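Peer 1: Sequence:
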Amino acid sequence: MRRVAFVTLVVARRPPGILGGMSSTSARLLNLLSLLQAPRDWPGSELAARLEVSPRTIRRDVERLRDLGYPVRATMGGEGGYRLVAGTAMPPLLLDDEEAVAIAVGLRTVARHPVAGIDQASVRAMAKLQQVLPSRLRHRVGALNAATEAPPPFSGPDIDPEILTVIAGAAAGHERLRFAYEAGDGTASRRLVEPYRLVTVGRRWYLVAFDNDRGDWRIFRVDRVSEPRPTGVRVPPKTPPAEDAAAFVTARLYSTAPTYRAVATLHASAEWVAARLGEAAGELEPIDADTCRLSGQSDTLEWLAFRLVTLGCEFKVHEPPELVDHLREMAARTLRAV
Numbered sequence: 001m002r003r004v005a006f007v008t009l010v011v012a013r014r015p016p017g018i019l020g021g022m023s024s025t026s027a028r029l030l031n032l033l034s035l036l037q038a039p040r041d042w043p044g045s046e047l048a049a050r051l052e053v054s055p056r057t058i059r060r061d062v063e064r065l066r067d068l069g070y071p072v073r074a075t076m077g078g079e080g081g082y083r084l085v086a087g088t089a090m091p092p093l094l095l096d097d098e099e100a101v102a103i104a105v106g107l108r109t110v111a112r113h114p115v116a117g118i119d120q121a122s123v124r125a126m127a128k129l130q131q132v133l134p135s136r137l138r139h140r141v142g143a144l145n146a147a148t149e150a151p152p153p154f155s156g157p158d159i160d161p162e163i164l165t166v167i168a169g170a171a172a173g174h175e176r177l178r179f180a181y182e183a184g185d186g187t188a189s190r191r192l193v194e195p196y197r198l199v200t201v202g203r204r205w206y207l208v209a210f211d212n213d214r215g216d217w218r219i220f221r222v223d224r225v226s227e228p229r230p231t232g233v234r235v236p237p238k239t240p241p242a243e244d245a246a247a248f249v250t251a252r253l254y255s256t257a258p259t260y261r262a263v264a265t266l267h268a269s270a271e272w273v274a275a276r277l278g279e280a281a282g283e284l285e286p287i288d289a290d291t292c293r294l295s296g297q298s299d300t301l302e303w304l305a306f307r308l309v310t311l312g313c314e315f316k317v318h319e320p321p322e323l324v325d326h327l328r329e330m331a332a333r334t335l336r337a338v
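If you read the sequence shown in this note's numbering, its first letter stands for residue 1, the second for the next number, and so on.
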């Protein structure tokens, strides 16, 4: 079962912790929890002064938080006090305006330049945060993103995080979505879909969705999507085309794209090559202590050549012949340049 972290946004115009006259016990507990999330020890007398209650009330409230499962540690002495420490579950996270804006902007940056392993999680978190942000904070986030410009990603097209947010929200709510789409050949169309998953493959975002007009599952490149509009129509989720959406997208892409399989002898140990290439190592077969055979595939000759040339060891390509020709052209251009 996936653990769920609850996030509560404190959007008061004054900092959390200065909400004098707390009459509600639950509100006071939230305010106390907000203070304890600061990385410091809080003397009971200071907490009592902040919340305008007695030290005895602070002790009772700390016990209430402990009963709810929050690990509040108490230390004695002149430097002691109360502190919230790491536990088995994440407590509600209370944020002020600036913190909420900073997290929203950070998530949008990660979504625009996806990081392996957290790309989809960042979009889900961004969609949830966008849903609960007050309008004034959404305006600040939008203004900040409009006033700044980030360099394009190393490879792959730039993506508007707002489009990702809309798609992710529709997928989470099982809501039909309309959008304009431009195919690879430039053909424009309007689509009505039931979004299922967002997937990143090769620095690109893809949407797996059931196309209502075509009555089948389709894969859409998100950088070709524009004007996404949720319809407000919620439908029961359909049986997905595969248990692993990422594997489904990868298989479809490889089935439609030209694939080159490369075989090369590398004058380096298999362990050394595996450490340099990581997940991109492909199949490595040791020949002896200082030589190995590499087998891998890609949809572009450029990527295969780049991977071999930048590896940092001598090598000999056995196949495909197109890769051999491409390396000869690269070598000729390099010699002319120097």
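Please note: incorrect hints may appear among the correct ones.
Here are the simulated distance ranges between beta carbons [to be verified]:
| # | residue 1 | residue 2 | range |
| --- | --- | --- | --- |
| 1 | Leu277 | Ala188 | 17 to 27 angstroms |
| 2 | Gly173 | Gly106 | 41 to 51 angstroms |
| 3 | Gly278 | Arg60 | 52 to 62 angstroms |
| 4 | Gln297 | Ala38 | 26 to 36 angstroms |
| 5 | Ala274 | Asp325 | 22 to 32 angstroms |
| 6 | Asp288 | Arg328 | 20 to 30 angstroms |
No wet-lab data here; the hints were simulated from the structure. Here the structure is a predicted model, which means the values were calculated and not measured. Built from N, CA and C at the ideal position, the CB exists for glycine as well.
Peer 1: Are the hints correct? Go through all of them and say.
Peer 2: Taking the hints in turn, this is what the structure says about them:
With their beta carbons about 40 angstroms apart, Leu277 and Ala188 fall outside the hinted range of 17 to 27 angstroms. A hinted range of 41 to 51 angstroms is violated for the C-beta pair Gly173 and Gly106, which are about 24 angstroms apart. Roughly 53 angstroms separates the CB atoms of Gly278 and Arg60, a value that falls within the hinted 52 to 62 angstroms. For Gln297 and Ala38, the hinted distance range of 26 to 36 angstroms is not satisfied, since their beta carbons lie about 52 angstroms from each other.
Our hint of 22 to 32 angstroms for Ala274 and Asp325 holds, since their Cβ atoms are close to 28 angstroms apart. Taking the beta carbon of each, Asp288 and Arg328 are about 28 angstroms apart, inside 20 to 30 angstroms as hinted.
Against the hints set out earlier in the document, violations occur for numbers 1, 2, 4.
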